[in-house]
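Student: Sequence:
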Amino acid sequence: MNAPHTPTAEAVVFNATTLARFAREVAKYPPEQKQSAVMACLAIVQHEHGHVWPAAEAAVGAYLGMPAIAVHEVTTFYNMYNQHPVGRWKLNVCTNLPCALRDGDKALDHVCQRLGVEPYGSTADGVFTVQPSECLGACADAPVMLVNDRQMLSFMSPERLDELLAMLKANHA
Numbered sequence: 189m190n191a192p193h194t195p196t197a198e199a200v201v202f203n204a205t206t207l208a209r210f211a212r213e214v215a216k217y218p219p220e221q222k223q224s225a226v227m228a229c230l231a232i233v234q235h236e237h238g239h240v241w242p243a244a245e246a247a248v249g250a251y252l253g254m255p256a257i258a259v260h261e262v263t264t265f266y267n268m269y270n271q272h273p274v275g276r277w278k279l280n281v282c283t284n285l286p287c288a289l290r291d292g293d294k295a296l297d298h299v300c301q302r303l304g305v306e307p308y309g310s311t312a313d314g315v316f317t318v319q320p321s322e323c324l325g326a327c328a329d330a331p332v333m334l335v336n337d338r339q340m341l342s343f344m345s346p347e348r349l350d351e352l353l354a355m356l357k358a359n360h361a
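Okay, so the sequence shown: first residue is 189 according to the numbering used here, each after it adds one.
It is worth saying that the hints were derived from the structure and are not from the lab. The beta carbon of each residue, even a glycine, is placed where N, CA and C say it ideally should be. There's no promise every hint is true.
[As the list claims (entries may be wrong)] Simulated restraints on C-beta separations:
(1) 267 to 301: 16 to 24 Å
(2) 218 to 297: 42 to 50 Å
(3) 345 to 242: 37 to 45 Å
Work out the full structure: start from the sequences and follow the hints.
Tutor: See below:
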């Protein structure tokens, strides 16, 4: 993930490379359904900037011909979209009921305590962000977590969580 950068201007103007990426996604749909590319366009913005912010949502909406609020609804519905800058390692710990019954809440508390953050918080050095998560679809493997929205980890005992944190810290150095 790139270093977070939020343009300060009211209106966001995407560069030619970003617009070309948007166009490739829009081309996958019939012209009258180009709004179907909203998730892909938001993912592109996040990949390039580290997160999605309101002015970027409005710009994506303008590009796709949809209201900014409709784009915002997508951004806020899915926890894969970062609405604020996040650390190098984003750790989503499932706390939905099946995981909670198998120590998902304890896993979240353990990670937060080890890193000295509250849920949804980031470490002072910007290396880690920790978030509770809705169902990750691996209930039988609880507690589970998702690292950087890409890697699912199962059976995350306190010992395994400590090993993971140590490995990620070492990989950041």
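Student: Now, for every hint given, state plainly whether the structure supports it.
Tutor: Going through the hints against the structure:
no. : hint                   : result
1   : 267 to 301: 16 to 24 Å : holds, 22 Å
2   : 218 to 297: 42 to 50 Å : holds, 48 Å
3   : 345 to 242: 37 to 45 Å : holds, 39 Å
Hint check: no violations occur; every hint is consistent with the structure.
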